[in-house]
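K.L.:
Here are the chains, one letter per residue:
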Amino acid sequence: MSAISIDNLVVKFGEVAVLRDLNLAVDPGEFLVLLGSSGCGKSTLLNVIAGLLEPADGSITIGGRDVTWIEPDRRGIAMVFQSYALYPKMSVRDNLGFALRVARVAKAERAARVAKVADFLQLTPLLDRRPAQLSGGQRQRVAIGRALVREADVFLFDEPLSNLDAKLRAELRIEIKRLHRTTRKTMVYVTHDQIEALTLADRVAVMKDGIIQQLASPEELYDRPSNRYVAGFIGSPGMNFLPGVLTAGPAPRLTSAVGSFNLHDYPFAASPRTGDARVELGVRPEALFPVDPKGPDAMLRGTVDLTEMLGAESILWCDIAGQQVAVLAQGKPPVAAGAPIGLRFDLHRASLFDTATGQRL
Amino acid sequence: MKLSQARLALLPMFVIVVVVYVGAIVWTVGISFTPSRMLPVYEFAGLDQYRALFRSSRWIISMTNMAIFAVGYIGGCLVLGYLMAIFIDQKVRAENTLRTIFLYPHAMSFIVTGLVWNWMLSPTEGIQDFVRGLGWQSFTFDWIVQPRMAIYTIVIAGVWHGAGFVMALLLAGLRGVDEEIWKAGRIDAIPRWRMYLHVVTPILAPVFATSAVLLTTHAIKSYDIVVAMTQGGPGISTEVPAKYVMDYLFERGSIGQAAAAATVMLMMVAAVAAPVLYARSFAKSRRG
Amino acid sequence: MTNPASRRPAKARFSPGRIGIYSFLFFSALFFALPLFVMLITSFKTMEEIRTGSIFSLPRAPELSAWIKAWSSACTGMTCDGIQVGFWNSVRILIPATVISIFVGALNGYALAMWKVRWAGLAFLLLMTGAFIPYQVYVFPLVQLFALSGTFGSLFAIVTVHIIFGMPVMTLIFRNYFSSIPEEVFKAARMDGAGFWWIFFAIMLPMATPVLIVAVIWQVTGIWNDFLLGLIFAGRDNLPMTVQLNNIVNSQFGEREYNVDMAATMLTALVPLVLYFVSGRWFVRGIAAGSVKG
Numbered sequence: 001m002s003a004i005s006i007d008n009l010v011v012k013f014g015e016v017a018v019l020r021d022l023n024l025a026v027d028p029g030e031f032l033v034l035l036g037s038s039g040c041g042k043s044t045l046l047n048v049i050a051g052l053l054e055p056a057d058g059s060i061t062i063g064g065r066d067v068t069w070i071e072p073d074r075r076g077i078a079m080v081f082q083s084y085a086l087y088p089k090m091s092v093r094d095n096l097g098f099a100l101r102v103a104r105v106a107k108a109e110r111a112a113r114v115a116k117v118a119d120f121l122q123l124t125p126l127l128d129r130r131p132a133q134l135s136g137g138q139r140q141r142v143a144i145g146r147a148l149v150r151e152a153d154v155f156l157f158d159e160p161l162s163n164l165d166a167k168l169r170a171e172l173r174i175e176i177k178r179l180h181r182t183t184r185k186t187m188v189y190v191t192h193d194q195i196e197a198l199t200l201a202d203r204v205a206v207m208k209d210g211i212i213q214q215l216a217s218p219e220e221l222y223d224r225p226s227n228r229y230v231a232g233f234i235g236s237p238g239m240n241f242l243p244g245v246l247t248a249g250p251a252p253r254l255t256s257a258v259g260s261f262n263l264h265d266y267p268f269a270a271s272p273r274t275g276d277a278r279v280e281l282g283v284r285p286e287a288l289f290p291v292d293p294k295g296p297d298a299m300l301r302g303t304v305d306l307t308e309m310l311g312a313e314s315i316l317w318c319d320i321a322g323q324q325v326a327v328l329a330q331g332k333p334p335v336a337a338g339a340p341i342g343l344r345f346d347l348h349r350a351s352l353f354d355t356a357t358g359q360r361l
Numbered sequence: 001m002k003l004s005q006a007r008l009a010l011l012p013m014f015v016i017v018v019v020v021y022v023g024a025i026v027w028t029v030g031i032s033f034t035p036s037r038m039l040p041v042y043e044f045a046g047l048d049q050y051r052a053l054f055r056s057s058r059w060i061i062s063m064t065n066m067a068i069f070a071v072g073y074i075g076g077c078l079v080l081g082y083l084m085a086i087f088i089d090q091k092v093r094a095e096n097t098l099r100t101i102f103l104y105p106h107a108m109s110f111i112v113t114g115l116v117w118n119w120m121l122s123p124t125e126g127i128q129d130f131v132r133g134l135g136w137q138s139f140t141f142d143w144i145v146q147p148r149m150a151i152y153t154i155v156i157a158g159v160w161h162g163a164g165f166v167m168a169l170l171l172a173g174l175r176g177v178d179e180e181i182w183k184a185g186r187i188d189a190i191p192r193w194r195m196y197l198h199v200v201t202p203i204l205a206p207v208f209a210t211s212a213v214l215l216t217t218h219a220i221k222s223y224d225i226v227v228a229m230t231q232g233g234p235g236i237s238t239e240v241p242a243k244y245v246m247d248y249l250f251e252r253g254s255i256g257q258a259a260a261a262a263t264v265m266l267m268m269v270a271a272v273a274a275p276v277l278y279a280r281s282f283a284k285s286r287r288g
Numbered sequence: 001m002t003n004p005a006s007r008r009p010a011k012a013r014f015s016p017g018r019i020g021i022y023s024f025l026f027f028s029a030l031f032f033a034l035p036l037f038v039m040l041i042t043s044f045k046t047m048e049e050i051r052t053g054s055i056f057s058l059p060r061a062p063e064l065s066a067w068i069k070a071w072s073s074a075c076t077g078m079t080c081d082g083i084q085v086g087f088w089n090s091v092r093i094l095i096p097a098t099v100i101s102i103f104v105g106a107l108n109g110y111a112l113a114m115w116k117v118r119w120a121g122l123a124f125l126l127l128m129t130g131a132f133i134p135y136q137v138y139v140f141p142l143v144q145l146f147a148l149s150g151t152f153g154s155l156f157a158i159v160t161v162h163i164i165f166g167m168p169v170m171t172l173i174f175r176n177y178f179s180s181i182p183e184e185v186f187k188a189a190r191m192d193g194a195g196f197w198w199i200f201f202a203i204m205l206p207m208a209t210p211v212l213i214v215a216v217i218w219q220v221t222g223i224w225n226d227f228l229l230g231l232i233f234a235g236r237d238n239l240p241m242t243v244q245l246n247n248i249v250n251s252q253f254g255e256r257e258y259n260v261d262m263a264a265t266m267l268t269a270l271v272p273l274v275l276y277f278v279s280g281r282w283f284v285r286g287i288a289a290g291s292v293k294g
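Protein chains in written order, with the working numbering: chain A, 1 to 361; chain S, 1 to 288; chain E, 1 to 294.
Read the hints as simulated data drawn from the structure, not as lab findings. Heads up, a few of these hints could be off.
Claimed, not checked - The list that follows gives simulated cross-link-like pairs (lysine-lysine, DSS-like), each with its CA atoms no further than 27 Å apart:
#1 S:Lys91 x A:Lys107
#2 A:Lys185 x A:Lys167
#3 A:Lys177 x A:Lys116
#4 A:Lys208 x A:Lys12
#5 S:Lys91 x A:Lys89
Just chain A, same shape as in the assembly (with noise of 0.2 Å):
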């Protein structure tokens, strides 16, 4: 049984239909990331999740109970926001504890679950301070510890890191995961962050105008993106794309700008169509790999345009038959701008899109 099942769900701003007809499934104990830009309809649905929205049609099930038209308070759920929402007045014992204050739950057993989460979440000191007082990382753990004191089945977060700086953004994922690991509750996280969906998801749902275009673990989306939009949303800096003609047949071929290749390796999701079709060959920076331009490995041949030093690792940004191609290699730039260069790829780590359905292949 899921933990929580999303079935023909529809949301309407008005007239405007904002989510159509989707369907999703949490597994107990699962971490889903739904991720994508801003206005996809990821906050929409999480607001749906919570009761704070209300769908239009389709049903929303938590542990197994229908809670479509149930007030948030009742769904077993707690929520974290992103700009953490605490009560500003009150101190940060006072916060944690206050939905328990408002539930009548008795003073001591109030007491002791408070404490027990500042202990967790390290707030104990904090315990008397306002809001305004503590930094924006202390924020976040206080808002965490309110939804933990409510020993909530699942935990909804909304953005919840997007305020912070880098530095903070990253300690609080780590913290964030490891709460994950300790409480095995069901969490569901919305962000526009892809390495805040890479690092902490079991699964990603990544989401365009409100349609979930593919919902895997982060290696699957990484590695087979099941369409053009998800390849090129994921990853920095972005997935090389070369346009070209398949020719399908016992021995597909792939004529492009830049050369033609035997696609005799690559691994086809869907047999191609019959005939010529046009296709893009999507390739990761990281898949590619400089070789001596004059030699037999060389697939690729061109000139480097121009480097970038990362520190670990560095650009080279290709000038491949006028297209710009972007290679990923490790440690200092082993060619340098101006000077030809020669790539080779594997195409079993390659994508292969229809130029029309942006479907893989």
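Following the hints, position chains S and E against chain A.
P.N.:
Relative to chain A, chains S and E alone:
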């Protein structure tokens, strides 16, 4: 030099601050210690004027009225204004129309306010007459001609004038409350009224403080509304300190007495404004 | 399995709570709207009708005679030229007082926000403190000053007094506004060789449109609605409309002509009311401007 241009531009402000905002206050406070009547005389008379002031039943009535008016006006404006702001914030229809209706009295002068309410509350022509006309012959609402009740009619008119203003300030405050705090409250099963009581009202505390200070200075200054509505009557039952000063200055020709009364008013304002300003600058310095 | 929660609850459009909210708002609206309504209908009635009918009954045959009388022939003490005299007096006070006080406030605010003049901070603090103090404290010394210079009871005196008492709020709102402008703009202008007045007229004033609107709303309503200062300083020939109105209503002998009183009251309230309805949300910003003191 460019800075000298800036100094030149600020010259009028410096002159006005020194002459009016410091000079005039010092002069008035000084005169309150003299026996001046029609014209200022510069002899020291100690606290004579203040003794006369606090022996005057007219002044005691004025002070009492001001206290009643201040409590009723400030309390009424804050409570009614907050309730209106909260109710308007419940996603009601015709929000703009309601806001317009609640706030328009604030655009009008206290003279206009006083005259309208004088007419509305007139026992022979106003609301009392209307209700009796409906058949309830014994209905009585003649506070405006009852010495003990007349000051409360000024409270009604004052609240009518000022509640919309408080509503506008508080509504802006309510709209500024982070939407996610409300979401957090819903998920934590906290009833809306408890959110207002424990979370939102404390957030709005500075707005309440600002409103209260402004309303208090209005209450202490109140003059026009009394002149227009009751002219201090019936008898001297709705006299207020501001009117006391004006009467002694221009009709009774006792500058010293007027200056003493004005000085007491000054001290009352200081007593109200100082703690609030101090608390605010204290809060600011602690944050910084 | 039929689960009662799986069905969308029939949402009562008018739950008891909603009815409570709407009835509270309705009665509040009634309380606030009635006086204006009564003012309007009374001004269109005849005295005969006022004597016999109730305060809330609509005029049987609306007529403008009370308005005409209020405007042109109602008696204000000695003379009987109507409230038009006060109207034009108020206009003559309003225009110079508004323009000059806003200019001075903008100049003060600019100089305070952008230039470091010695003692300016202290002077500003005193100015702001002074804004809380009742006029009664200042009145007599000012009367003496104007009397000494021979200008007491003149247009000059009343306009000057409005400039003086408008200065704290005007200076405050412009100072706050100019302080919020990035200092880089000021620095860039100085790099370009612009001096004090150049920066003020060519860069700062054009940027200040929103706060200018707020200042106009604040000063126009404040000056038009003033009673006390006009009564004391304007002199018999320049009494503003509020003072004339009070004279018409409160110094009548014999039976009060309520229809004329209400027409005169409406006429006096008209300028700020029109400003209120035209300026909409700006009005709220305008009146809130004075509440950010400190």
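K.L.:
Against this structure, judge whether each hint is valid.
P.N.:
Comparing the hints with the structure gives:
With a C-alpha separation of about 36 Å, the suggested pairing of Lys91 of chain S with Lys107 of chain A is violated against the 27 Å cut-off. About 26 Å separates the Cα atoms of Lys185 of chain A and Lys167 of chain A, which keeps this hinted pair within 27 Å; it holds. Taking the CA atoms of Lys177 of chain A and Lys116 of chain A, the gap is near 19 Å; set against the 27 Å cutoff, the hint holds. Proximity of Lys208 of chain A to Lys12 of chain A is assessed by CA-CA distance (about 16 Å); at most 27 Å being required, the pair is judged to hold.
Taking the CA atoms of Lys91 of chain S and Lys89 of chain A, the gap is about 25 Å. The hint holds against a cut of 27 Å.
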